[in-house]
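**Student:** Sequential numbering of the sequence shown, starting at 1, is according to UniProt numbering.
Source of the hints: derived by calculation from the structure; they are not laboratory data. Since this is a predicted model, take the numbers as computed values, not measurements.
Label pairs and their calculated CB-CB ranges:
1) 9 - 197: 19 to 25 Å
2) 80 - 32: 21 to 27 Å
3) 32 - 278: 27 to 33 Å
4) 3 - 128: 53 to 59 Å
5) 79 - 32: 20 to 26 Å
6) 79 - 209: 41 to 47 Å
7) 128 - 184: 24 to 30 Å
8) 311 - 176: 42 to 48 Å
9) 147 - 9: 39 to 45 Å
10) 162 - 104: 32 to 38 Å
C-beta atoms are modelled at their ideal positions from N, C-alpha and C, and glycine is treated no differently.
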Amino acid sequence: MSGLPQPRMEPVDGLPTRVRVYEVAPRDGLQAETDILPTAVKAELCRRLYEAGSRDLEVTSFVPATWIPQFADAERLVAGLDVPTGARAVGLVPNLRGLHRAIDAGVREVSVVVSASESFARANLNTSREGAVERAEEVVAAATAEGVPVRGYVSMAFGDPWEGAVDPATVVEAAVRLYRAGCSTVAVSDTIGVGTPGLTTWVVRDVLAAGIPVEAVALHLHDTYGQGLANVYAALSLGVAEFDSSVGGLGRCPYAKGATGNLATEDLVWMLHGLGIETGLDLGALAATTAWLARVRGVAAPSNVATALAAAASAVDTPSTAGGGR
Numbered sequence: 001m002s003g004l005p006q007p008r009m010e011p012v013d014g015l016p017t018r019v020r021v022y023e024v025a026p027r028d029g030l031q032a033e034t035d036i037l038p039t040a041v042k043a044e045l046c047r048r049l050y051e052a053g054s055r056d057l058e059v060t061s062f063v064p065a066t067w068i069p070q071f072a073d074a075e076r077l078v079a080g081l082d083v084p085t086g087a088r089a090v091g092l093v094p095n096l097r098g099l100h101r102a103i104d105a106g107v108r109e110v111s112v113v114v115s116a117s118e119s120f121a122r123a124n125l126n127t128s129r130e131g132a133v134e135r136a137e138e139v140v141a142a143a144t145a146e147g148v149p150v151r152g153y154v155s156m157a158f159g160d161p162w163e164g165a166v167d168p169a170t171v172v173e174a175a176v177r178l179y180r181a182g183c184s185t186v187a188v189s190d191t192i193g194v195g196t197p198g199l200t201t202w203v204v205r206d207v208l209a210a211g212i213p214v215e216a217v218a219l220h221l222h223d224t225y226g227q228g229l230a231n232v233y234a235a236l237s238l239g240v241a242e243f244d245s246s247v248g249g250l251g252r253c254p255y256a257k258g259a260t261g262n263l264a265t266e267d268l269v270w271m272l273h274g275l276g277i278e279t280g281l282d283l284g285a286l287a288a289t290t291a292w293l294a295r296v297r298g299v300a301a302p303s304n305v306a307t308a309l310a311a312a313a314s315a316v317d318t319p320s321t322a323g324g325g326r
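I would like the entire structure built from these sequences, with the hints used as guidance.
**Tutor:** Here's what the structure looks like:
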């Protein structure tokens, strides 16, 4: 996709100069989709993402196949990956058994999930909110003993489909416990995409005020109400420099009716590059990956940038006949 439009670079003072884009398409992007992709297609997705410059990739989840059948092939997928030097291939683990599976499969970094709401913990994590944190602390301790870094998620940090508004104090409590347990990064997660810039600022400020360094804070955003990029900008203004996204906007939350999925990686990168912020990612290669996966799955991707670049590529490839063609 060379020669396609690129964002005009206009840096803004006070923002980070480089951002880590943590790609979640192979894991969070696929887990709620109804189609189950062949292992070879998942491996090809990861290969394309690495080739597009991604060095921070969550590749699968070591959960029981009865929970999420999309990840029944976790071990086979990991065995078939060619991870570039310096790149990450992270596996989400729900408990100690999942951690042991991941380590046995060769995964050298894992992630854990807790909840800021009681209802989500019961519905999605099969335990109480406190039980989820205790289980995560147990996993972090065991992983650390094996020299395996852990990334932590605090789900439902901006709102919950059953309880509505979530008290930022519960977000802070969970985030602090993950960080103190040993998580290298804590991803504050807008699981159903209800956050706004003001709410994002409030929650992130409270997390930082609790003593978690900004370098250890990430934001995991869904774009249900189209607020994802605005929320990114709010967090950038506070110094946050790590954001989760999914190529093509792949993924959705099954608990939010009408949810459109994760923040699209291409949309995020377009904005970041326009701000003069380095990501190490190739925008054209990301858009091409989105187009490829959409063809494989037979679905349209909701990414605005991928759609616009595909239209621009089509216009370049199709000579105009304006003027009568004489």
